[in-house]
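Protein sequence lines, in the order shown, are assigned to chains B and C.
Using this note's numbering, read the first sequence as starting at 1 and increasing by one per residue.
Using this note's numbering, read the second sequence as starting at 1001 and increasing by one per residue.
Don't read these hints as lab results, they were simulated from the structure.
It should be emphasised that the depicted structure is a prediction, and the values quoted were computed from it without experimental measurement.
Heads up, some of the hints might be wrong.
As the list claims (entries may be wrong) - Label-pair distances were calculated between CB atoms; the ranges are:
#	chain 1	residue 1	chain 2	residue 2	range
1	B	Gln184	C	Ser1047	44 to 50 Å
2	B	Gln184	C	Gln1184	18 to 24 Å
3	B	Ala112	C	Pro1247	39 to 45 Å
4	C	Asp1106	B	Pro247	42 to 48 Å
5	C	Pro1241	B	Glu94	32 to 38 Å
Yeah, the Cβ is synthetic: ideal placement off N, Cα and C, and Gly gets one too.
Here is what each chain is made of, one letter per residue.
Number of protein chains: 2
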Amino acid sequence: RAAAMAGWARAVRGLLLDVSGVLYDSGADGGVPIAGSVEAVRRIKASGLKLQFCTNETQATRENFVKKLQGLGFDISVAEVTAPAPAACRLLKERGLRPHLLVHHDLVPEFAEIDKTNPNCVVIGDAAENFTYANLNEAFRVLIGMEKPVLISLGKGRYYKETDGLKLDVGAYMKALEYACDVQAEVVGKPAKRFFESALAEMGVPPEQAIMIGDDIVSDVGGAQRCGMRALQVRTGKYRPSDENHPEVKPDAYVNNLAEAVDIILQQM
Amino acid sequence: RAAAMAGWARAVRGLLLDVSGVLYDSGADGGVPIAGSVEAVRRIKASGLKLQFCTNETQATRENFVKKLQGLGFDISVAEVTAPAPAACRLLKERGLRPHLLVHHDLVPEFAEIDKTNPNCVVIGDAAENFTYANLNEAFRVLIGMEKPVLISLGKGRYYKETDGLKLDVGAYMKALEYACDVQAEVVGKPAKRFFESALAEMGVPPEQAIMIGDDIVSDVGGAQRCGMRALQVRTGKYRPSDENHPEVKPDAYVNNLAEAVDIILQQM
């Protein structure tokens, strides 16, 4: 692996890190750090490399998300986190869109500054327990009532794992609304190119000098590569051995975990 | 219209009628008959034409569905109704499938004779209030736990209208599970060819001597035409003027309602 990366890791000036499945495993209990990841984040910061966390997390405000990670021992601040909700807020403002929100209770404060009267679009996130029959029908009615329905989805994940089992992710509910309204959602978050670009802009590093490290072969690795970045897949989180035979996406390298990735990258510098 | 149909309506020996939107408009209050439809059903029966009701109704057993329609004044019996649940039961038995059910409470008795232990497939119907976050996650976990997920969907409608507003239909939830599990559902009910064929077999009438009358341009009209039947669209129920410009499906004729269809057909005989 080190040999495979030697050719290009030397030029690296910044790292984008996925959070869930790379830094920690999430769960109703708050989750647990992945072995070596707390120290790996510290070593990145000490090395002088630029660092940005690039997550599709939409079950909490960035403030609460960061507090949780700090509680697990991570050196992380709100400004270092690129997440779908703030990106969606920028898009809503730019286009004069007033959302009907179908999101997690704890995410609502991210939209505090946004005009939500007389909605002209629907924003869907991983609403979890808020994905009730009544709430889905309500979001559907708002959409189907528009001359040209606008559906904005905070990510398009299929499912994720929590300590009590697998859960349908926002992508499944996005598909339900897409089909019912014969509309295609605009995805904010990974793997959208614009989302990676805004994370790179936060670091001030061009794509060819950045590496994305994630556990999702499509959203993290494929998305980052389409932006011109190198991308590593960790063998933690939602990684499955079958990912290594993915028909379309091939990471620039595999690493067992974030700690190993940081070892190799820092050796090249 | 009468002129347009004169060429072929004379050969007709049997009629397939959609129910919701053709016989009556459904609703939480039980629904109301569409003007002229009660009498139209009587006239069909008096004419000697064969008659079968072909519905995607999955919110009640056929027994209760028929009772409701009899209460509205319709001359209808259980044996005259072709519905997805009994068709699904035949398919489950043929293939030795044991379903996990995600259906309406009132539909469950249709599956009384079916072995549901240790499920090896998921059957989804219009579960309405049973489409909870927990129930969807449970159906998803059963599916994703299979080596080769089998999803059977009782119809694939996008939405329907009740007296208190539009509701997402089974097709939307089917799409959510399809996406999450990367699987394609097998649809039992209209527009599946096999479903129309079993309705025709009940009447003992070949497709070229039968007419389907429905309000759904795709499921009723398109589905029946692909089976070799003629098909009329009524301008009641979920009919919308834009249906008349549908890019793929063109009914053999439009009629304002069932009563008018029966007038024209009986005139030709």
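Quick rundown of the hints versus the structure:
1. B:Gln184 / C:Ser1047: 44 to 50 Å: 48 Å, holds
2. B:Gln184 / C:Gln1184: 18 to 24 Å: For Gln1184 of chain C against Gln184 of chain B, whose Cβ atoms are near 19 Å apart, the range 18 to 24 Å holds.
3. B:Ala112 / C:Pro1247: 39 to 45 Å: For Ala112 of chain B and Pro1247 of chain C the Cβ distance comes to about 43 Å; the hint holds.
4. C:Asp1106 / B:Pro247: 42 to 48 Å: At roughly 43 Å between Cβ atoms, Pro247 of chain B and Asp1106 of chain C fall inside 42 to 48 Å, so the hint holds.
5. C:Pro1241 / B:Glu94: 32 to 38 Å: Holds, at about 36 Å.
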